[in-house]
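The lines below spell out each chain.
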Amino acid sequence: MLGMGAGRWEDDMSRLLALLFHQGVLDEHFMQLQQLQDDSSPNFVSEVISIYFRESERLLRNIRTLLADRECTDYRKIGVCLNHLMGSSSSIGANLVRNVCVAFRAASEHCNWAGCLRLLAVLEHEYCYLKNRLHELFQIEQQRVLADRVRYHPVLQ
Amino acid sequence: MSSEQGGAAGELQCESHVLAVDDSSVDRALVAHLLRSSKLRVTTVDSGRRALDLLGMEKNVSMIITDYWMPEMTGLELLKKIKGSSELKGIPVVIMSSENVPNRIRTCLDEGAEDFLLKPLQPSDVSRLCSRVLR
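Chain order of the listed sequences is A and S.
Sequential numbering from 1 applies to the first sequence in this note's numbering.
Sequential numbering from 1 applies to the second sequence in this note's numbering.
Next up, chain A with everything else stripped away, as it sits in the complex:
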């Protein structure tokens, strides 16, 4: 019975990942990121994702501040923030967030304030969804690792 725990968590992880790929939230770059994790850097993925969350939230705050006053909106700075967010999202496989950034950048290049505001709301929504699902993924991974340790504990053999 103990040995079945890890398998169940693995199935949950596979199902969640399949859903996120199917929804277009993640792409193959996320798989490539996972492949960089090994015994010498067992927490590499979660460390990189934590950096991504910190950086993204700072950029989103900056963009919201830049859009606060319609008359004084600095679209060039918004473009800089979006390029940054687009690049890091692409690097970790956050496909949907990246795609919203592309559309948002087009709106900012046209100095379309209303369009930018609307796309910021979309971007924040997609980012929150991504963050919640990745947290869920890491929690499942933690449970899987714990279940694995129980399964292979020498006392329980």
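Calculated directly from the structure, the hints in this document are not laboratory data.
We put the CB at the ideal spot given by N, CA and C, even for glycine.
Heads up, some of the hints might be wrong.
[Said to hold, decoys possible] Here are the in silico distance ranges between beta carbons for each label pair:
hint, chain 1, residue 1, chain 2, residue 2, range
1, A, Ala114, S, Ser124, 42 to 48 Å
2, S, Gly84, A, Asp39, 18 to 24 Å
3, S, Ser37, A, Gly24, 40 to 46 Å
4, A, Val102, S, Gly84, 31 to 37 Å
5, S, Ile91, A, Glu71, 45 to 51 Å
6, S, Pro71, A, Phe53, 31 to 37 Å
7, A, Pro42, S, Asp53, 31 to 37 Å
8, A, Glu71, S, Glu77, 30 to 36 Å
9, A, Phe53, S, Ser124, 26 to 32 Å
Starting from the known structure of chain A, arrange chain S on it as the hints suggest.
The following block gives chain S in isolation, referenced to the frame of chain A:
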């Protein structure tokens, strides 16, 4: 700026020192991890200006790998400054970008970049750089 050398202490280490330039913390972490996995000594900085400051002090940089899109100084502008310097022009420069823009790639290669890589970097990209650029 951060600097570390990959590999276990006591082993013979590759002496190649790579300077990685990227304004994204995420991409700096990824590039540094890949390069250190190939036993390279890596220093990361977050801007072209900091890269030039470091190059003024550190004489043993074997290769520079830089993001294209950075505020204040793009990777292309950094490349031009390096290739325009009699002291630095011999250092190979590799440019990376998350966007596949043929004109951009062509311009960078024409300005003297050794290679132009699409992000995210792959282990195979680093292997190729080690054998071709850092031989």
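Comparing the hints with the structure gives:
1. For A:Ala114 paired with S:Ser124, a C-beta distance near 45 Å keeps the hint of 42 to 48 Å intact.
2. In this structure the supplied range 18 to 24 Å is violated for S:Gly84 paired with A:Asp39, their Cβ-Cβ distance being about 44 Å.
3. Against the hinted window of 40 to 46 Å, the Cβ-Cβ separation of S:Ser37 and A:Gly24 comes to about 30 Å, which falls outside the hint.
4. Distance hint check: the CB atoms of A:Val102 and S:Gly84 are about 33 Å apart, consistent with the given range 31 to 37 Å.
5. Remark: the range hint 45 to 51 Å for S:Ile91 to A:Glu71 is upheld by a beta-carbon distance near 46 Å.
6. The supplied range of 31 to 37 Å is broken by S:Pro71 and A:Phe53, whose beta-carbon atoms lie about 21 Å from each other.
7. Taken as a hint, the range 31 to 37 Å holds for the pair A:Pro42 and S:Asp53, whose Cβ atoms sit roughly 35 Å apart.
8. Between A:Glu71 and S:Glu77 the beta carbons are some 32 Å apart, a value that agrees with the proposed interval 30 to 36 Å.
9. Remark: the range hint 26 to 32 Å for A:Phe53 to S:Ser124 is upheld by a beta-carbon distance near 28 Å.
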